[in-house]
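Read top to bottom, the protein sequences are chains A and B. Using my numbering, the final residue of the first sequence is 108, and nothing's skipped along the way. Using my numbering, the final residue of the second sequence is 1235, and nothing's skipped along the way.
These are calculated hints, taken from the structure and not from any lab test. The model shown is predicted, which means the values in this text are computed figures rather than measured ones. Ideal placement from N, C-alpha and C gives every residue a C-beta, glycine not left out. There's no promise every hint is true.
What the hints assert, rightly or not - Selected chain A positions facing chain B (Cβ under 7 Å, derived; list incomplete):
{"#": "1", "residue": "T29"}
{"#": "2", "residue": "L33"}
{"#": "3", "residue": "S34"}
{"#": "4", "residue": "I49"}
{"#": "5", "residue": "H52"}
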Amino acid sequence: MKVKDLAEKLSYECLVSEGNEEEILDGYTSDLLSDVMGNSPEDSILITIQAHKNTVAVASLANINVLLICNNRPAPDDMLKAAADEGISVFRTKDNQFTASWKVHELL
Amino acid sequence: MEGTRAALMLIDLHNHSCLSPCGSLEMSPTRLVEEAALKGISMLALTDHNAGDNLPAFDKCCRRAGIVPVFGMEVTGREEAHLLCLFGNLKTAVRFGYEIYENLQTIPNNPDMMGDQIIVDEDENIIGELDKYLASGAVDFSMEELIIMVHERNGLFIPAHIDRPAFSIKSQLGFLPDNDYDAVEVMHSPCDLNSRRYFEITGSDAHYPENVGMRSFEIDLKTPDFEELKLFLSK
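The shape of chain A in the complex, shown without the other chains:
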């Protein structure tokens, strides 16, 4: 499924849309970025509350196309700029990681 189609179905707030044409094949939910690097499948959506610039660096290394920030956490400007530079989409929701994960799983 394309990032933009998933985003449309979930009607989550879009903060960066650079990677919206990318295909998402899988998902991973974690708030430990070292765990994300070690275990997340490629072409995944990362569901997390880790909203800072380093999340983008990890996503880029782990071939993650889209970040979903849960619990309506504020996403700092330097994070959003880094995501735009790396071609990674960022969405935000008030859902927690559990709820967001099953909603995304239903659609994939």
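The hints should help you fit chain B onto chain A, whose structure is shown.
Frame of chain A, contents of chain B only:
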């Protein structure tokens, strides 16, 4: 260069007091400084979790013992990695401590389960305690924001135990991002996380009197002075 060896100074920039819930109640600033003096430490930091309320007592104890105090905190940043924020000026550090404590998102402390968070004076009299649980939760500042905040206040920013399996840059991020660190604290040198060009120090992270000075480091300083330390690390 044998002649310069006499200038080696023993320094320990990572120690807790009874304000840290995980610290021993015996570990008053008085006791910490006494232990450090026995171990020949010239420059000593107190770095309680996310608060600096024991720094005034620590200052007086260090002056009594002839040890140069470094006023610090071990701040839990947004990434939930532990970060040493160190200052040469007591007032600056205490104010920074209030700012950090104010911003800390955490739960109320339950002393029976989690331990006491005791503020004392230089003679070990209890003068207060803190309500927010200091050893979990995090402040809503990213590491990059904290670096700027510390440097604006002429402090030193050193990520703590970057190679530890928990509450470290390694556990939270898995890599060391390129930032304006003044040094990095490692458990093991050489460290199994790539510490790149950053200067590696070790710290005792003492929570009990017997651990004080166990992992101090030695460098060649003209005088044990915070500004000299900054100068050394900036080279």
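Tested hints:
no.	hint	result
1	T29	16 Å, violated
2	L33	5 Å, holds
3	S34	3 Å, holds
4	I49	10 Å, violated
5	H52	4 Å, holds
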